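*Asks:* Residue strings, one per chain:
2 protein chains.
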Amino acid sequence: LDSGTGREVRRMLSTLTPQSIAQLLESSPPRIRQVLWKLIDKDVEGEVLQELTDEVRSQILATMDTEEMVAVMEGLDADDVADILQDLPERVMAEVLSAMSATDRRRVESVLAYDEETAGGLMDTDTISVRPNLTLDVVLRYLRRHEQLPESTDSLFVVNRQGQYIGLLPLAKLLTTDPAVTVREVVNTDVEPIPADMPDTEVARLFEKYDWITAPVVDENNRLVGRITIDDVVDVIREGADHSLMSLAGLDEEEDTFAPVRRTARRRALWLGINLLTALLASWVISLFQGTLDKVVALAILMPIVASMGGVAGSQTLTVVIRGMALGQIGRSNLGWLMSRELGSAILNALLWSVVMGVIAGLWFGDQRIAIIIIAAMVINLVTAALAGAVLPVALRAMRIDPALAGGVALTTVTDVVGFMSFLGLATWYYG
Amino acid sequence: LDSGTGREVRRMLSTLTPQSIAQLLESSPPRIRQVLWKLIDKDVEGEVLQELTDEVRSQILATMDTEEMVAVMEGLDADDVADILQDLPERVMAEVLSAMSATDRRRVESVLAYDEETAGGLMDTDTISVRPNLTLDVVLRYLRRHEQLPESTDSLFVVNRQGQYIGLLPLAKLLTTDPAVTVREVVNTDVEPIPADMPDTEVARLFEKYDWITAPVVDENNRLVGRITIDDVVDVIREGADHSLMSLAGLDEEEDTFAPVRRTARRRALWLGINLLTALLASWVISLFQGTLDKVVALAILMPIVASMGGVAGSQTLTVVIRGMALGQIGRSNLGWLMSRELGSAILNALLWSVVMGVIAGLWFGDQRIAIIIIAAMVINLVTAALAGAVLPVALRAMRIDPALAGGVALTTVTDVVGFMSFLGLATWYYG
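Residue numbers (the numbering used here), protein chains in the order written: chain B, 606 to 1037; chain V, 606 to 1037.
One should not assume that every hint holds.
Since the list can't tell identical chains apart, any single copy or any two copies may satisfy a pair.
With a straight-line Cα cutoff of 25 Å, these simulated DSS-like cross-link-like pairs (lysine-lysine) come out [to be verified]:
(1) 647 / 778
(2) 814 / 647
(3) 814 / 778
(4) 814 / 643
(5) 778 / 643
(6) 900 / 778
(7) 900 / 647
(8) 814 / 900
(9) 900 / 643
Simulated from the structure, these hints should not be mistaken for laboratory data. Remember, it's a predicted structure, so these values are computed and weren't measured experimentally.
Please work from the sequences and hints to get the whole structure.
*Replies:* Below, the structure is given as structure tokens:
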């Protein structure tokens, strides 16, 4: 790409959709990203920007001045503009806002009033609303005066004189009903409006549950303030699902796959440092049994197996519980059952694999005692691991700590400490 | 719940939507699940069934006979019926099909002809199609003859005489355009039809990229055979994102959070067995340096730290690469850049934390040599871990092995073996 002449690349880019250009930018290392951005047609810059993840976008915005930013954001939905502005430093945001037209600014500010991770932060303000006393014929004529309807419009919103939400009028209904009928007679009141301060993950759960395409957003007085469309919700679902995966490795779900070296190194350093602390704790546990290790070198050889099997068993439980929590399946009422299930499963597997390992250890070192010790230690560690895997995420959540982020480290600490302690402790007692 | 009388529970259930009932079933242990299912109103059983995950659903289907199944599936979309049938044994599926009405059977069979994980398996056949030569007025009158339009209808499909797909006619367009205009003049040909054999993950990527709500599905002759709606795609996105998380712990993304003990134990046994093999390999590596361990017991105390830090560093890289691959960001062209970035980041963090650890080890054991050995071993292992974390998933994919499933085990094997080998090997050479 670097070697191609700019003109050819520009021609190639002009044949791509904004979405494809965004994907290309996200899949490019930083330097190529900057070069590509300069070659993009000015007209689609805004749309491309809107498709990028927050982190990649802020890299590109960092190279622009206020005027360029305002130009780029023209023609974007208010929610997308708000989304972009929220990543900017306060000062730059104020500058960009004051450079916008008054109508645009008002729209964007109404979205900015809400936290980014709520329904209000997700919504756009492109709603078409009608009164319940109109006939469908009047509504049809009103719509025909529009050049086009806002994207993803599948329903109109029915509101009263005070702008309070009453229900939906699906376009499909409008098209299949006698035009002489009034809106009131066909309004769909099944869809509960979403309060603007509802967390976005809960909004996503509702959309997923009820297969909505658009849903109305209301303020505390039940006044219609905007609508949420499925395309923005899909991003929330994707990020929510990625959150568990990335957090378990101490990463952020928004992390740019192609972030530069220094940023990557800085972000990961903390996680490695935390892990070093827990590993030191495990080493300290081992050091308590220095005398025994000195006598029986086989213990040093076998001890990582006990810790590792506990870690794997625990992480299986942890992953199932974290996923279950993300799907909203786990609460106080079924946690007891879940723990006893995990306990049962852990006991069965502990018996199976500890005996296998006991036989191997006995044959390997020609020592029956070491077989018995490793069997006992593995059973203790696998059972502890399963209980820790089930309890830790729930306990962390109760303490308002993200279980996906802290659960893995906490679990490894438990399985390492219990693994080394039980194996070396039993050995010290047995050989002592 | 167990103690409540059936009637009260039944009344409570009748106030819930099918989606909420499905969520309740999924959040319940197996025995309560069976009790709840019996108390559900017959009318909503089909809808509830359709909302359940495959695994929970097949547990419930296992308790029904053919007649019950046919009754339950009445009124469901063809794609949902096909989805349910595909989980059944071949013999039962044939029985249920032959007990259905001829029209229903034909519809379901047209979906069943395609693999479950393709566009054809995702689609439903509820399309409304119109010819390009009609005026919008005729289309409007045609629509008004329908009682209602299929769910999530936001566009009509424009096809020629042979039933071949030409383009979309969005309902919004229909409502804002002069009725005297013909379909041909306003048809939207931007949306490329989806071939019925496209994998569902690629379908999901297209929907996510272009913010589609519905999209047409065509056969190899470009004939319209059905449509895919966003609600079915959201499930594919959710499952795809969960796949990486669950696979890294050796689990299936469809795994029932409340599966019974024995099924859970059986599924996890294999993964623990595989891990035991890799842990044994690591132990064998340690046993090669038995003599050195016998002489310097500090090595046994510190060796888990080297392995563990490598494991954490590697899993961070692995997770970023697996997520990048799932998002379609990583290919041959940028892999080289990614590897050098990971290498750079690994070197920086290796230098930082190995020196910290070296100082700690030196002070702890009052031995300068052990400080130098652990610094060198950690640098070697962290750098190897980063390279392995980047290369393994790409190599596994090239071998058609699921990187999310096999990547974690393969990585741990590398970091354990290299960690113990470098630390104990250097020590043997140094103290030897």
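*Asks:* Look at each hint and say if it fits the structure.
*Replies:* Structure-based check of each hint:
1. Taking the shortest alpha-carbon separations for residue 647 and residue 778, neither the intra-copy value of 40 Å nor the inter-copy value of 28 Å comes in at or below 25 Å.
2. Taking the shortest alpha-carbon separations for residue 814 and residue 647, only the inter-copy value of 20 Å comes in at or below 25 Å, while the best intra-copy value is 39 Å.
3. For the homomeric pair residue 814 and residue 778, the shortest alpha-carbon distance inside one copy (22 Å) is at most 25 Å, but the shortest distance between copies (29 Å) is not.
4. In this assembly of identical chains, the alpha carbons of residue 814 and residue 643 lie at most 25 Å apart only when taken from different copies (22 Å versus 42 Å within one copy).
5. Taking the shortest Cα distances, residue 778 and residue 643 never come within 25 Å of each other, neither inside one copy (46 Å) nor across copies (35 Å).
6. Taking the shortest alpha-carbon separations for residue 900 and residue 778, neither the intra-copy value of 83 Å nor the inter-copy value of 84 Å comes in at or below 25 Å.
7. With identical chains, the CA atoms of residue 900 and residue 647 are never at most 25 Å apart, being 74 Å at best within one copy and 70 Å at best between copies.
8. In this homomeric assembly, residue 814 and residue 900 never come within 25 Å of each other (Cα to Cα): the closest approach is 61 Å inside a single copy and 63 Å across copies.
9. For the homomeric pair residue 900 and residue 643, neither the shortest alpha-carbon distance inside one copy (68 Å) nor that between copies (63 Å) is at most 25 Å.
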